[in-house]
Structures are given as C-alpha cells and as structure tokens.
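Guided by the hints, dock chain B onto chain A, whose structure is given.
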Amino acid sequence: MTDGPLIVQSDKSLLLEVDHPQAADCRKAIAPFAELERSPEHIHTYRLTPLGLWNARAAGHDAEQVVDTLLTFSRYPVPHALLVDVAETMARYGRLRLEKHPNHGLVLASTDRPVLEEVLRAKRVQGMLGARLDDDTVAVHPSERGNLKQALLKLGWPAEDFAGYVDGEAHAIDLVQDDWELRGYQAEAAESFWHGGSGVVVLPCGAGKTLVGAAAMAHAQATTLILVTNTVSARQWKDELVKRTSLTADEIGEYSGSVKEIRPVTIATYQVVTTKRKGVYPHLELFDARDWGLIVYDEVHLLPAPIFRMTADLQARRRIGLTATLVREDGREGDVFSLIGPKRYDAPWKDIEAQGWIAPADCVEVRVTLPESARLVYATAEAEERYRLAACTPEKLGVVRRIIDRHAGQPTLVIGQYIEQLHELADRLDAPVITGETTVKERQRLFDGFRSGEIGLLVVSKVANFSIDLPSAEVAIQVSGSFGSRQEEAQRLGRLLRPGAPGPDGERKVAHFYTVVSRDTVDADFAQNRQRFLAEQGYAYRIVDAEDIHS
Amino acid sequence: MLDALVVAGQTTDEELRSLVTADPAYVDATVARLRGLALAWDSPEGLRPLSGIADVLAAGPPGYVSGLRSRSSRPLDADEVRERLDALGPGARRLLDHVVDEGGQAKAGSTRIGIDPDAAETPAEELVARRLLVPAGSTQPGLLVVPGEVGLVVRGGRTTAAPVDRPPELATEPAMPRLVTNAALGSATDAVRRVELLLDRWGHQPAGALRSTGLPARELKAAAGHLGVGEAAASLLIEVAAAAGLLATRADAGGSSVWVPTDAYDEWRVGSLAQRWTALARAWLASPRLPSLVGERGPDGKAWNALTPELAASGMPEAKAMALAELADLPDGQALASGTGLPSLVGRVTWMRPRRPRTRPDLVAWALTEAAALGVSGGGALPSYARLLVAGGDPTPALDELLPPPVDHVLIQADLTAVAPGPLESALERRLQQLADLESHGSATVYRFTRDSLRGALDIGWSGAEIHAFLASASRTEVPQPLSYLVDDTVRSFGRLRVGFAAAFIRSEDEAALVELLRHPKSESLGLQRIAPTVVVASTPVDVLLPRLRELGLAPVIEGVDGVVRVGATEELRARTPRPHGSTRGAGDARRAAQVSVAVRALREGDAVATSRPASASSPASALSALREAIELGVVVRIAFTDNHGVITERDVRPASVEGGQLSAYDADDPDVDRRYPIHRISRVSPA
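Just so you know, the sequences run in chain order A and B.
The opening residue of the first sequence carries number 1 in the numbering used here; numbering runs sequentially from there.
The opening residue of the second sequence carries number 552 in the numbering used here; numbering runs sequentially from there.
Just so you know, the hints here were simulated from the structure itself, not pulled from any lab data.
Only a predicted model underlies this, so the values are computations on that prediction, with no experimental measurement involved.
A couple of the hints might just be wrong.
Claimed, not checked - Chain A stretches covered by chain B per the calculated footprint, using a threshold of three residues with CB under 8 Å from any CB of chain B: (1) 12-18; (2) 28-42; (3) 65-77; (4) 80-93.
Idealized CB from N, CA, C, for every residue including glycine.
Isolated chain B, as found in the complex:
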C-alpha cells in the first residue's frame, strides 16, 4: 500500500484502489491506518506519502517493494503508454518486461540516448526513444530506469501482479503424520547422539581453536569424520552445542586456546534423550548463528570457520520462528511440497515482512534445512512435539512418549560384539563403554570387545571376576566361550610388566651387604625397597642418598646410565659476577631532552593538521547536509567512513546522490568509479 503511494507520488483514494491488487475495502482501511500513523497525509494536491518514506522503503530488494519506481514528474497518460507499448518490437517488449521484473533499472552501456524511434538499432534504444526507459537523471549517469507509469501499465495498471491483501499460499503435498514423526524422530535421536559423541571425544582430545576463537577447518573435518557425517551437518551440531552452552574455549596445558565441553555438559548428558533434545532445539531456535555458511567464502575471500563470532545474522532467529510457525500452521497430513514448497514459503514470509534484507530467502532455506537435520521438522512438516516447541511450550513429555524406552540388556555374540537393541540405560551404557569399543551407533549400539578395550577396563580397576559377572548379568543370552576366554587371557597377561617410581637404585653383588643396609635403623628414612636379591630402590634422590650412605659407613660409587662407574672430584660451586647496572647522569638528561622534543613535535603537527583542514561536518546530521550541498555544487569532498572491517578510511569523492540511506559518489581521481557508502558509516565530511 505504502509502496503504491510512493509509486503514485500524489494521488487520490480512488486511484489507489485501482492501483493496488486488493479488495477496495482493504485499501480504504489501510489508507485510514496510514493516515492515523501519519505515514500518509492529505496535501492540497492530494494524498502523499511522508517524504523520506521512499528512501526508507528502498532498503529492500532493488527498487521499492514492488520493484516499481515513482512516477516521473511529467507522467505520460496510461493510454499513451499502452499505445507505445503496442508499437514495440518483440525484442524490446521482452527486454522491458525483464527490466520491470528485475527492479526497474538497467545500465545504459552503449545505448544512445535522445534519438528518433526509427533510428533505433537495438531494443534498448527503441525503448529509450519511446520514453519507456528514461535516464535516471544527472546524478546517476549511465543508469536507465522504467518510469512508474510505464511499469504500472506493464503490470496491467496495478503495482503488483499478485494480490497484496492475502498472503501467498504455501505449496503443500500430503504427508503421512507417521512418516513425518518417524523422519523427525530419527534425525532428533541422531542429532543428540552425535553431539554427545563429539563432546565426549573433545573432552578427551580437545579441538584446537583459532585466534579468532573459530574452529579450524582441519578440526571440523576430523569431527565430521568421527561422526560419520558431512562437514555441513557437523558444523550445525557444533554450533548448536555451543549455543546450548555445552561447548566453550579454555586454555590447555600449553596455554593455547581449545574447545572443550563445559560443566553444563555433565548436567546435560544425564538427562533423558527428550530433555537433551529440548535443550539443543531451544538453543538452536534462539541462535542467530549461521552454520550453513561454514566453508563458504566470506567477503574477504576466506572460507568461514565454524564458531567464528561474526558468523551470525540478527535476522536468523526471526527467520526460524516465522518459517516454523508457517509449518506449524499446516493442517495435519500436509507437508511443504518437496520442490516448490521452499520458494512459496519464502514468498509468504516476504509478504509478511516485506522490508527484510535480501538474504531472507537464504535464511529461510537454511532454517528449514537445519530444522530437518535436528529433527525439529521431518519431511517438510512439524511433528507433534515440535509444534509444542515452536509454540514456546515444553516438548519433553510428548517426545518422551514417542521415543523408544531404554533397554536393560545386550546380546553378546561369538564374533566378540555386543549389540544393544535400543537405547541403553545410561548406567549400563557407561559401564559397557569402559569394557568395549563403539562400533556402530544409531537407535541401537554395537560394541566390540578387544584385548585393548578389556585391558583399558582392567586399567581403571575392573577385575576379571567383575567383568565376567557384569557380562553375565548384562547379556540376555549366554556369554560366548571365546569372549570368556578372551577376558581370562587378557587378565592373565595383565600386569606382567610392572612399572614403579624410584629416585635411585642401589646395586650390589653382595646380597648380605644389601640385607644389612635394609635392616640398618638409620636407613628407614631413605625409603628403601628390595626388588631383587641384588637390587634395592630408594625414594631418595642420588645427591641425598650418596652422603647418607657414606654417613652409614658405606662406600658407594655412582653408576652412569651406561653402567660405567663415575668417580671424580666434586665440582666447587661458583656464581656469576653481577654486572653493574643503573643509569649515569648524562643518559638521564638526554632522555628527558628527547621526551620534550617529541611532545613539542606532536603538538605542532596537531596544530598544522588542524589549520590545514577547515573544520566541517563531523556529526552524522551535519554530514548529510554537507553531502547534499556538495551534490548541488558538484564539488569534491573528503569523507571519512568506517569500512566493513571497522577501519576508518578517508577518501576524496564527488557525491552524486543520497538515496535509501546510501551515498552514491564518484571517486575524485577516477570519475568512472561509482561507489556507494552507507550514510551512517560516514563520520566526517570536509572540503577536499
């Protein structure tokens, strides 16, 4: 509506009704509302939009919302336009339709302007000659636009082809609720399990972090490999885990920053599957992160890393909420159509929030993909539990009912695998994980017993008898003989080598002498222990042990690592002579003099700068008026603006126009280069 008003420039209620593709009553109601909001007002000449609205509206896709421009100042009559349109060649007509659909503007290129229709050689020249395409004005040379009145005729006298009072319908197809729930549950269980799998791994082997705190591509690749999924799916899970507060950085032993699970993770993992999923899904819903961009090249040409702080868009939570709300509103048994569903959803969301940025279609598409991957949606529709989530309720009980109950047993087989035919009770699962390696995971879990996995269990304190008892109780079937044998065999070889701590050893061929030493009352404090008839180890280091043994009246010698006896004079200790330091008087004077001269130079330089550059606009408001002035005078100004990297740059430009919150200007050095600068980024304007 507002858009139609802008296109029309100044109009009457009657004309608006004919311009807008909608019910007249709807038009009247909306006009009344716009008047009430003071966005439209009745000038003596007719209804007008508030000035400035045109600029604000233009933030959307090129042109205004409907892609049409304002009517030119001397509009042609609609019939006249129609006549001219009819006279067009087919090529020119197609070109015009294309330009109108793509936002109503085109680059002139080599098209000659101001010629006779008969002399036109190209379709574009024909359009220009018939005034169906006009130069945008002196401020934007080289740009041709379709005047609003022409666009209106091309669209059959209306501002939009589609009705604006009804949101566009979603393309749907029938879907069995059972399949929707099935698909979503499958993805939901997988997502939770994979997050757990990954964080468990990172708890032991933390993932390195970049200096920007992002996750290096190599770590992402390793994580994806570990989870058996693609890198896109892995980045989503990692981002969600971080958003849910389960993953954070800390410094490792070497002081470098690494990603590890947080203490919240310990709390999270003991929850039921449904609770864990709810935590992840809520975090995802509220998260502005853009994991779908990971691996894509950013504006600086470098690939985005997962967990990079900048990888977020404030519009993302809204895109998720709106897309899911639309899905939630679908009747039961209907799902978004597989091919056409997404564009129709984007269309509908765009209708609801027409002024959102041009990344909208991407955001909505990502929201849907991510929802499917996390089990928030399945097969293009929402399962019952996700509707609760989207509505802000608690999906946990509903989800709990849908999920399979945990099983309390495994099936152990002769190929040394144990299969848990369903999600295991968590206590059983943890104990099994100590005994066996994970081989396949999903709804069920397959574990494999190996010598190494069993030895790992012995290392953390299991005994052979305990393992046997546990296997017998956990297995619903008889424990296969080869597994029992493997357990016994592993126990048998466990501890065949013993390792201990000792600070020194004492060796002697004279066993009696060693026994005597051990029995000596004063040797107690030395921590002696006899490990072989001729070897005693001591917990006292050699430099203490040696004098003590001598005190006891023994005559020990030191044996080197190569078994050779070392005898020699003891080294006398010396320290290094301290070097005199502190400053002499002359050096202090020189330093003071240097400081003074530096300060004076800085002051003078500042003065010089201040005088050489006349004071001018330094606030955003005055910057705008300074720019307008420069446009009128056509002079070169120096602007200071903040670029995408936060760096303030100065540039000499010749401003051409201020439109839609953007300054378009030509480089002073190179008049062919036309750049756009967002006004809010320009901090200062001064004469060049």
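Only chain A is shown next, with the shape it has when bound in the complex:
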C-alpha cells in the first residue's frame, strides 16, 4: 500500500484525488490511456476502455508502462484481473498491420498467424480481402481500406495503418503570425497530429480549434477540404483563414446550399455533402474534384453517418478531426477511431482555463414556480406536450428580465429551443432574434453587430449552438433546450468561454451562465441531467429560487 493519489476500481474506473501533491504527475501519466469521464472539484474519474488503451498503443505506449503507472500511483492493491485485462486488450492492437507492398499494393500483414486466420474466417471482412500472398500476408482491395479498418475494430483486432498517404496537390499555405501567436497547446496539437498521420484533436470550446486546423494545413502545404457543420460556421472559417494565413479570399471556396465553389481550399457543409437526391449523393464529386492533400472535419462528434461512409473511401488522404468531446450521443466513437484516426491530442478544459485561454464560468440554475393554474394545465397535458408547456411558461420572462438588468452593460445572449417562445421574449425584451428562418445575410449582420457591441442583447435559437464565434458574450440565459442533451449544454457554455480583452485593470472576464427552469416539472428533470454534465466538467453551479434573483 502506498499513499498515491489514484484509486483503481475493479469496474475499470480510476479515481484521482486532485488535491494530492502527486495529482498533476499522475494525471499526466494516465491521460494517454484513460478517458476522463468527469472532473468535479475533488475527485476526477477516468475510465479504462479498449478504445482508450488502443489510443495509447497508437501513441506508442505499451502495456507494461500502463500497468506500471497504475501500480506506481495506486493507493490500494490493484485487482489482478484488471491488469491482465489491460495487457490483453493492449496486445490486440497492432497484431495486424495495413502496409504498402512493393508488388501487391495494399496488404494486410500479421506477425501472429492465428489472429490473421481468425480474421480471414470472419464474415464481416468477406469480400474486402484479395488473394493470400503468403502465410502472413493477404492482399486488400484498395477501396476497402476504411471498411476493413472498421470491421477489424469491431472484431476486436484493430489494425495499425502504415500504408501512408498521398501528398495531394501542393499548395503553399503559411501562418501569418503578425499581431498574434499560435498558443503552445495549439502548436503541440498540430504537431502531434502531423506525426501521427491522421487523427483527432480534442480541445474545449473556445480553445481555438480553427487555428489548430490552420496550423495543420500549414504542415500539409497542400489543397485542403474542410467539412463544417453549417454555413455561418463556414464563413467564420473563411474569415479566420484569410486573417491568420497567407491564403487570400480568392483561394478559399465555399461549397454550401447557396454557393458551389471549388478552390484550392474548399469549405463544405455537412448538410450539402449529405444531401440526397433520387437516392444518390449529387455532391459526392466534391471529394474527387481535386487531389486533396488534407481533409479537416470540424466538430467530429456531430459527423453524420453518410460522411462516415464517404470517409471510408478517403483513407489514403490525411484526415484531422477537431472536437470538444469524443463522446457521441449515438455511440459511434469506434467509427471515429477507425476512420478518422486515434486521438492525437487532448487538453483538459480546466487546464486551458487555468492558462487563461478560456474564461472561467459561473453557472446558476434558477427555478421558477409555476402558478397554480399553469400547474393544472401541465398536470393534465399529454406527455409529449409537457416539456414545451413547462419550458415556455411566461413566468420565465420576469426572471430573464431581472437577470438582464442585473448584468446591464454586459453583452447577453438569450438561448432557447422553441421559436414562439423566442419571438415572444424578443418582443417583450425589445431585442433582435435569430432563428433557423433568419437569412444568412441577416444573421451575419446581427452577429457582427453583437461582436462590435452595437447590439447588447440577442435572442437566439439552436442555430447558434455550434461554431459561431461570439467572443464578446459574457452572459447567457438558457430558457429551453433539446431536452437533456449534454452536448448542447457544452456547446452553449462554449459560446461564453472565449476570453474577451482584459479589462482596464487586467481583470479577467467571468462568464455567467443561467438556466431558467420550472420547478417540479420535466424541465427541472432535464436541467438536472445537463447540470450534472457541468458539474462533471468541474463547473460548480448553484441552484437558486427565482424569488432570490434581484436586479
């Protein structure tokens, strides 16, 4: 028994005591192979998963190191079965390798013949493999490189891909660091990605993922295809690239619902790529339009299923995924691992906050009490109507108004799910509103106004959840959401966390994140789910009654 900071549980979770003197060393040691599950104030929970262990193998760690780390830092005896399991799981990675053979092209090779035999007999890989070249090698149809990797992961024998990448069409891209500088972690992230070949970079919202993308492009020096979530985000990427790199506006094309340009650097939206007409994807040609040297996936955790299928055919091109979280609500983390690549870089939210790159946040849940009459209506409503009824109660207006008054002079966002509710709030608060119906041009104008400070209060729907840079926002008031989505909570908080310019005395911005919910309804239940997510991310939050909010 030692007095280490780590407790290894038999259910494969690792508990790290943060106040322990060795905590920082321990975190550094276990971060490569354990997934951070939650990080509330005292004890952080990590979990050992096959994907996490394989990520570590991909990064060059071996089982002995992992076991040694666990034993070194563990306070109590480590269950033997767990260590055996770690070693066995890690040994599964890399038994199979995808390689380029001088005569036969792409081959699947193994040093462990029984594994190869087992895999060859699996139904899942039927049709992906060609002729058996010798005892340890079998030819692979080049078009099946991605599908094969996916299938092998599902069989539990993930293959290491040494087959290399095409260079793509060369195109000069340089970072222009005149009045700014690439932050340390951004440079590190781009560096680790480049050495790893392909993979995913995990950085919290507001940590400047766009710049990591730009730095990766500067490494590749080649034509690049960037896939983003929506048009507004595409425009932001474009502005940022023009500002931060040697690229000019003419070299960057937008490929979206309204414009279809193909330039050396092309930014396409998920939506246009996945549009289906008469059973085919008319915009699939985009992927072959140029000899792309790099493909950037923004918000990998939202990548729609059809793009996975298209990505399976792009395994010879370098791919970088950018995201704030590897957790997918649909559980397809394995596909991200096999098709985009293993995790190449990861920096915990709190670390970056401590470095001052993202703003600290103060989270408050405000509970309003429904009036008696509204409670009766709620009690007799159909189950599917209940959330809307509870979330849209007019009682919330008064609270929202009081919060806005309290933070007078600070740029404020009111975020909601239901359009009617948003319009009503906008009318009463006399503020502009942005929803899905607002034209892109109008949205741009309003966002620009907000950034410049002309507009101090903006009511927005979920269109503002992702990838929209509003560095000036200091207060967000959430009045309704997509039920209990943790995803959404992270994104909405992310809107607030871009650090603004320091104040006159150098004081840092503190973001305020309010959630207004109706007491004793499903609204409060969903809020609890989302709050739990915040708490697990290390954001202490308070719950207050609406009556206690004074302007």
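Frame of chain A; chain B shown alone:
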C-alpha cells in the same frame, strides 16, 4: 516401482534396478518396503507382485502408471526387439512411439493380422507383422497392444523416461513479492466485497432455486451482471458463499424454494475484511464443489447449474491442498511460470499421487484459477497471509496489517456524488447506503445522491435536519450547494400525498350532521376521523358501520365505487343442502373382492418370476466368480447393474474380460457393441 514390477511380471532385484529410472539404492529400499508391505513376494521363480495389483493399478490413466503393459508370456529378447525396431520404416516407428506414449494400446481397425513383414501395406501392419504390436487376446478382439518388452526398449530399457525417485521440478519465474501481495490483496478485497454485494441483494430479492436446489442459469446471469463479473467468477463466489454457510434455501411467501443469506451472514458481515476473507477462504479450501464446471455440459448433455448438489468431486479439497502446498514451498520471489507452470505442477502432483483419477489435471487447474480469483494466490505465488492459511494457521492478523485502514470521511462533490477514498467504517457505510445509491465499488466507493435515494432515507425515518447534519459531519469538504438544495427540495415534496387506512367513509353535504355524529357519545367505538369538512373515515367495516349508524337514528345509504347510491332488499342467507354420502353394502363387498384378487395375482406373479429365473449370483463376490465362469464358457448372462442415475437395469451380455475392476462385455443382441461395467455396480448375475 510397483509398476515396473508389474511390467516385468517376474524378475530379480538386479533387473529391477536397471528397469527403473532411479538411484539403485532407492530401488533397493523401495523393494524392501514393498516386501514389508507384502505387495511383492519372492516366488521360487523370482520376485513377483501380488496378484491383483495389476488390476488395481489400472484405475489410473490408460495402461498402468507408466503406460506400459506386462511383458508377454514369451518375451522377445531385448536385442531382438532392438533389431526389429531398427528394421522399421519411419512411419511405423512414429506410430509405435505414439502408441507407447498414449498408453500402449490401439484399435486394430482394418489392419490385417498374421501376415509377412514384406506383405505389410500400412505402418500398423508392419508393426503387427514384426510382433511389435500384438493382438490383446481373444477376450478383446480388435485391440492391439504393445508388449511390455517392446515398450521397455522404446523407452531405452526403462519403464519411464523421467526419473521416479525425484519429483518433477516446477517451472517457475521470478516475481516481485510486492506484486504478488498486491495482486492477491486486490482479488481478496474484491471477492469479499462481491459476496457481500450479492448477498445483500439476495436478502431483498431472493434468487429462485431449481427443484434440484441448483441456481437457475438466469439467476446466475443476473448475479454476474449485478456484480459486473463473468458468470464463471460469479458461480465461484456463489459456491464459496454457500460453502461458508452464508447462503441457503428457504421457502418464500409463495412456498417456492429460494436462495437467501443465512443468519450466519449477519454475523459474518460485521467482521473485519480480513475476518470475512478468512471465513470464505477456509470454506473454499475444504469445499469439494466444482464451480468451474458451471455452464459446461454434464454427461446427460444438460448444462450444470451452480449450487447443484452433484457438482462436487471428493478429490477437489486434496487437489487444492496439494497445489497450494506446492506454491507455498516456492522460495520467496519465485512464482509459477505463466505458461509452463501449470503442466509442471500437474506433473508434480501426479508424481506424488500417481493413482488419482484422470480428472486430476482439471482439478489442479481449477484449484489454481479459483485460488487466484479469491486472492489466495496472486501472480502464481502465495502471499504471506495465504501461506498461513494453507499451513492451517490464522491469516487474519497478517491480512489485517496488509489491508488499508478504514476511512471515516467521504468527499462530496457538486455532481451529487460522494467518494469514499478507501474502505469505509462500517457504521458510516451503512448510513451512507441509506442515503445514496452505489455507483462504483472497489477499494474506494462512489455513491450518488438522487431524489429517489434521499426519499428512501426519508421513508425510513431520516429528517431533513438529520441528513444535513450527517452530510456535514461525514464530508471532509464543504457540502456543495446543489446537494443541500436537493435535500431541501426532496424534503419539501415529501409527504405531499398522504395515504392511510380506513374501512369505510362517510360523506355528507351537511357538515353540521357530520359534526354531530362525531360528537355523539355512542360513535366513539366506530373509530371516526374527520379528514375534510364533508368527509369522515371510519375504522369499522361497512357491514358493522351501517347498522350502528341506523341505531344512532341516522339514515345512511351505501355508495358504490362509481359514486352511485345502492339501495335494495337485503339478501336472505341460504346454505347448500348437504349431499348424502357414505358407502352402500354392495360397494364394500366389491372392493374387498378386488383387494383379494389383486393380492393373489401379485403372489402368483412373484412365484412365476422366481421359478422362471434360476437363482444365481446375487452378491458382489459371487457375481465376480459367475462372470469369470461365463467368460470361460463364453456364454450369455443377464446382469443387473446400477447406472449413473441410480437406476437398476438388466442387460443380456457376453462377458469378455474382467480387468481393473471393470467388466468388459459384448451385447448379446449386437456382438459389435463392447461396453464396460464397473464390477461394484453389478448386483446380480444370472444365466440368460
């Protein structure tokens, strides 16, 4: 040694020394001992084993202990054999080596017998032609055996390839004692905690039992899921808990049999971790149960269930004791090698007890797996405390010292979890369990507070203030605001609905009338209570209440569940006319006559059976001689034997041989079917 004697048939001391792979002095000493035990004797022709020993020895793996057979009656000279061996083709030589290693016998199949070596077409025919493989004899047609003298030459003139005077060495590898202790402690803590977790659950939701008292596969699956372990690990824990007397069956409310913790469990759970582990480990050590077989198919093709009474082997405790004793004898810093260690351990144990049954390798392997799972061993070696256990001592104090001391606080966090960074003091643990749900367990425990868990606490009598005070005292850090809020919120909504007992209610729009009723001196015994201005409940049932109210001069009517008033004539009570029963005289006579005729028929049938089957061997001893006689005469006999299910079956067979306590015989109907019957199971032999 004895084996060499049997192989040699009749021999001299000198020859024995050359036959046995051992120090000559050892051979002499052993021969002297065998003579002393009267297992070997000096006949005029030379040293012989006691007759019958060959049969007894054959209970082990096929052939005798060394896998060689007795020398044939006209043995070939060793040189002659060597010559013939040299003349063999490579295929035939390989075949011969294989047959010798696998027990010295083979099925003849289509091999032709009695041909010239030059005419041999297959390796087997070549062997037969050169008399290196001979027919086993008329009693076992179709079987070929390697005569003892040939086997001896193949093994270089010795009965065994390995020396017999030294036990085979164990394959070991270095292991750090710290890691051994670490691995074992980890498993030990887990095993104890899981047993407790499972029994706690079964205390609330008992597991159904099969009619055979076994545990249904579905319950095992649920238990494994609950514990977060595989089904094999779960069956081991369940078996150990049962062996330790912590788990037994009882009848549930519905009368069906269920598995629940015993009252010994209450005593067990208050002990320290070390005490609890010692109780489990001792029970395991002495238990003949075979949990490793759970889920495997038994002889009847059905999967074994955990806790099935038959799932035991008398050799298991011995296998455990011997395997662990071997591990205990390993020097510090040495552990059983991970790949080769097990076979070497099996070899060593086999050397010590050569005559144990063929399931031995399985038993030893299971013993090791189970020991590792329970924390008796770790990484192929025994930790210090387990050595004490194996030596019969008390491991509790040693284990206590190794285990982490209990902690007296938890860390409560804003995500509504409480983390106990180590084993909790039991009083604290029990109180925390009332307030929060268990989320993760291991060396530390993670609890989660939810509205439901807190409401559960309020249900069993906690008050809001008590919860706040307890959290503040148990938490080493400040209680997060969201948790305090959750507690208050739960308290606020607690008891918003009230539920009570009432046998009847009285409703009236006339509030004054109700007040009057309540105040009436004669209404006291009715148990009336006013719960709303217009509603009074009564603890008296309606059929009593109604006449009493009428006595008080009121005019109540009955209201149905649908709120409609029921008025109607009261039903007059009637009973059913009893039907005349009892027997008439005629029926009694008929029954008596039937009884007599049944008895007479049974007697006659018995006589008929007795006369039709001549009396014959009905005791085991006479059965054996009757069988020998039948073998000599080559006649068909009818044997009665008890099969594996305890059923006595009769069968007509043509006995072929009696060897090793077994009768081998052919079916009378089908001479190709050759079966073996253990002699002790045959209860009767009679001419067919």
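Numbered hints the structure breaks, given as an ascending list: Checked against the structure, no hint fails, so every one of them is satisfied.
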